[in-house]
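From just these sequences and the hints, can you work out the full model?
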Amino acid sequence: MAETLLALRDVVVRYGTYGALQVPSLDVATNDMLAIIGPNGAGKSTLLRVMGLLQRPSAGTVLFRSENGHDGDPLQIRRRIATVFQEPLLLNATVYENAALGLKLRGTGGREIDTRLRPWLERLGIAHLSARSARTLSGGEAQRTSLARALVLEPELLLLDEPFAGLDPASREPLRHDFQRIAKEMHITTVLVTHDRDEAFALADLVGVLKGGHLLQLGSREEVFLRPKTDSVAEIVGIENRLAGVVEGSEGDCSVIAINGARIYARGEFKTETKIVVCIRSEDVSLAPASCEVKNINRCKGKIFEVVSGRAHHRVSLDCGSFHLVAVLDRKRGAEQVLTEGDEVTAVFSPAAVHVIGAEKDY
Amino acid sequence: MELIWQGVVKAVELVFGFDAEVWQITWLSLKISGCATFISLLIGIPLGIALALTRFPGRSLVAASINTGMGLPPVVVGLFVSIFLWRSGPLGFLDLIYSPTAMVAGQVIIAFPIVAGLTMASFQSINPNLSLQLLGIGASRAQLLWLLCKEARLPLLAAVMAGFGGVISEVGASMMVGGNIRGQTRVLTTATVLETSKGNFDIAIALSLVLLALTFAINFFLTRIQQREQLRWPKLS
Numbered sequence: 000m001a002e003t004l005l006a007l008r009d010v011v012v013r014y015g016t017y018g019a020l021q022v023p024s025l026d027v028a029t030n031d032m033l034a035i036i037g038p039n040g041a042g043k044s045t046l047l048r049v050m051g052l053l054q055r056p057s058a059g060t061v062l063f064r065s066e067n068g069h070d071g072d073p074l075q076i077r078r079r080i081a082t083v084f085q086e087p088l089l090l091n092a093t094v095y096e097n098a099a100l101g102l103k104l105r106g107t108g109g110r111e112i113d114t115r116l117r118p119w120l121e122r123l124g125i126a127h128l129s130a131r132s133a134r135t136l137s138g139g140e141a142q143r144t145s146l147a148r149a150l151v152l153e154p155e156l157l158l159l160d161e162p163f164a165g166l167d168p169a170s171r172e173p174l175r176h177d178f179q180r181i182a183k184e185m186h187i188t189t190v191l192v193t194h195d196r197d198e199a200f201a202l203a204d205l206v207g208v209l210k211g212g213h214l215l216q217l218g219s220r221e222e223v224f225l226r227p228k229t230d231s232v233a234e235i236v237g238i239e240n241r242l243a244g245v246v247e248g249s250e251g252d253c254s255v256i257a258i259n260g261a262r263i264y265a266r267g268e269f270k271t272e273t274k275i276v277v278c279i280r281s282e283d284v285s286l287a288p289a290s291c292e293v294k295n296i297n298r299c300k301g302k303i304f305e306v307v308s309g310r311a312h313h314r315v316s317l318d319c320g321s322f323h324l325v326a327v328l329d330r331k332r333g334a335e336q337v338l339t340e341g342d343e344v345t346a347v348f349s350p351a352a353v354h355v356i357g358a359e360k361d362y
Numbered sequence: 000m001e002l003i004w005q006g007v008v009k010a011v012e013l014v015f016g017f018d019a020e021v022w023q024i025t026w027l028s029l030k031i032s033g034c035a036t037f038i039s040l041l042i043g044i045p046l047g048i049a050l051a052l053t054r055f056p057g058r059s060l061v062a063a064s065i066n067t068g069m070g071l072p073p074v075v076v077g078l079f080v081s082i083f084l085w086r087s088g089p090l091g092f093l094d095l096i097y098s099p100t101a102m103v104a105g106q107v108i109i110a111f112p113i114v115a116g117l118t119m120a121s122f123q124s125i126n127p128n129l130s131l132q133l134l135g136i137g138a139s140r141a142q143l144l145w146l147l148c149k150e151a152r153l154p155l156l157a158a159v160m161a162g163f164g165g166v167i168s169e170v171g172a173s174m175m176v177g178g179n180i181r182g183q184t185r186v187l188t189t190a191t192v193l194e195t196s197k198g199n200f201d202i203a204i205a206l207s208l209v210l211l212a213l214t215f216a217i218n219f220f221l222t223r224i225q226q227r228e229q230l231r232w233p234k235l236s
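If you read the protein sequences in the order shown, they are chains A and B. Taking numbering that gives the first Met the number 0, the leading residue of the first sequence gets 0, the next gets one more, and so forth. Taking numbering that gives the first Met the number 0, the leading residue of the second sequence gets 0, the next gets one more, and so forth.
Hints are computed from structural coordinates only; laboratory data are not their basis. Given the structure is predicted, the values throughout are model-derived calculations rather than measurements. Don't take each hint at face value.
[As the list claims (entries may be wrong)] Covered stretches of chain A (in silico footprint by chain B; criterion: 3 or more residues with CB under 8 angstroms from a CB of chain B, positions within the stretch not fixed): (1) 48–57; (2) 85–92; (3) 97–110; (4) 211–224.
[To be verified] Here are some chain B residues pointing at chain A (derived, C-beta under 8 angstroms): (5) 127; (6) 128; (7) 131; (8) 132; (9) 134; (10) 136; (11) 138; (12) 142; (13) 146; (14) 201.
Where is the CB? At the ideal position from N, CA and C, for every residue including glycine.
Written out as structure tokens, the structure is:
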């Protein structure tokens, strides 16, 4: 069991009467790589500022290695944490001076700064830009400088507020990659705030879902992405097929769920008569021609009403009479089938791909 | 034209002939306005920073007053400083009227709103998230303030220039509270007024040329510092 590095207890942030954040308990352990995802205005940035002791919560405590962050001298604790924001926010100085700033603020001598900083400039691929004015950098270069400025401090906790969101894809992907490699090699305890669920899935081991200032679910990324606890979490992690239904009974190791007159089989046993929400990831739905006889027990005949073709995937929406389903088909495989709007097809998905969540409210 | 040419010749004679009175007047102008600018910076910069970075009740009233103060007519300042320092006035016991100190006081009142207003504007032009970022890499409050001042250094230099420019060229207040006493409170602007009214245009022109040269030299020096690190307009061809 890793040591708890940062803990929030009964943290509440209010702006006037508006409650921006309400976190009864949140623990970040050493070596955790935690991503907080949620829609805009969910309180993600507020949460990060509270964690970084950059904002005092209206109530509650922030503990850093069991030391109260707002007691005594918060500067000493703040200096063991480093925050990187979405905007690079560099000073009007050279790349080197910007990256060295954090060390300088801690009174580190010039020679030590140099020996510590050089490797980081190399690792982030900006060593050749050292003497350049920060004002002349591209977005990606500036964010690399900002990351170097934080990483060279070797913080016990690294806080990232959408650090890759402002970048164009061409500079975002390599930087994300570099960061991922560095974070893994250096075992930096990181909390990343992002609205990009793919980014969260790619970078983090742990994922927290924040909405309306409440932490709806926190767990391993597989748990959160594949087995969301509530409808809101399912929506935020990107499960497109969410259907309200009632448990009718069971057959073998599956439960039978009635959805608007149709029946769906889900692996597992659930209490009869309970109202539930069924989640099926669109990638788990495949399509077969309407005439084809399929063995799978979840077969829904439907009519395609929309096909959106992306770079790698086709996104197909069908009307199955009682409900709508979205299927995302790998372009390589989907290419064999010519799908057009109006086609009759059979949607097929395994009972194991059906995740059932209770229909109770989030909070 | 003849008149102007004579003035220029006279100016060269007076300045390079090391005319004692002209040098004394120039030096006094520089001392009084330099001193007034320095005091204005001491008052105006913290005030401008406070107005830009903090929120308190009545803040917008103070900010609006400062902005109004940036265009305060020197004669109005002269009038009120005179009233206060008049022998029978509330501060008459200080016996400051018609002294260089009184002139400094008048000029400070003219310059500090200019410095405060421009400081406020320059701090407000900094990205508000920069403070958060600097704290986020471990700046203390004092370090944060210092870094923000450094970041706003170019517009702050403009505030220094504007403040100094406002007082060295000002005549109304200096005349009223200083009295234009020869050898004691006579400065370049008041001397120019006097010589012009006496019809001594050559000396008046000489004095104004000295004033121009002085303000140009100081602004040139400050501009050089300010422009050293300007972002260049890209060369496209």
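Results of checking the hints against the structure:
1. 48–57: holds (count 3)
2. 85–92: holds (count 4)
3. 97–110: holds (count 4)
4. 211–224: violated (count 0)
5. 127: Not OK, violated: residue 127 of chain B not within 8 angstroms of chain A, min 10 angstroms.
6. 128: Nearest chain A Cβ about 6 angstroms off; hint holds.
7. 131: holds, 6 angstroms
8. 132: holds, 4 angstroms
9. 134: OK, holds: residue 134 of chain B within 8 angstroms of chain A, min 6 angstroms.
10. 136: Check passed: Cβ of residue 136 of chain B comes within 4 angstroms of chain A, closer than 8 angstroms.
11. 138: holds, 5 angstroms
12. 142: holds, 5 angstroms
13. 146: Holds: closest Cβ of chain A sits about 7 angstroms from residue 146 of chain B, inside 8 angstroms.
14. 201: For residue 201 of chain B, the interface hint is violated, since the closest Cβ of chain A sits about 48 angstroms away, which is over 8 angstroms.
Going through the hint list in order, the structure does not satisfy hints 4, 5 and 14.
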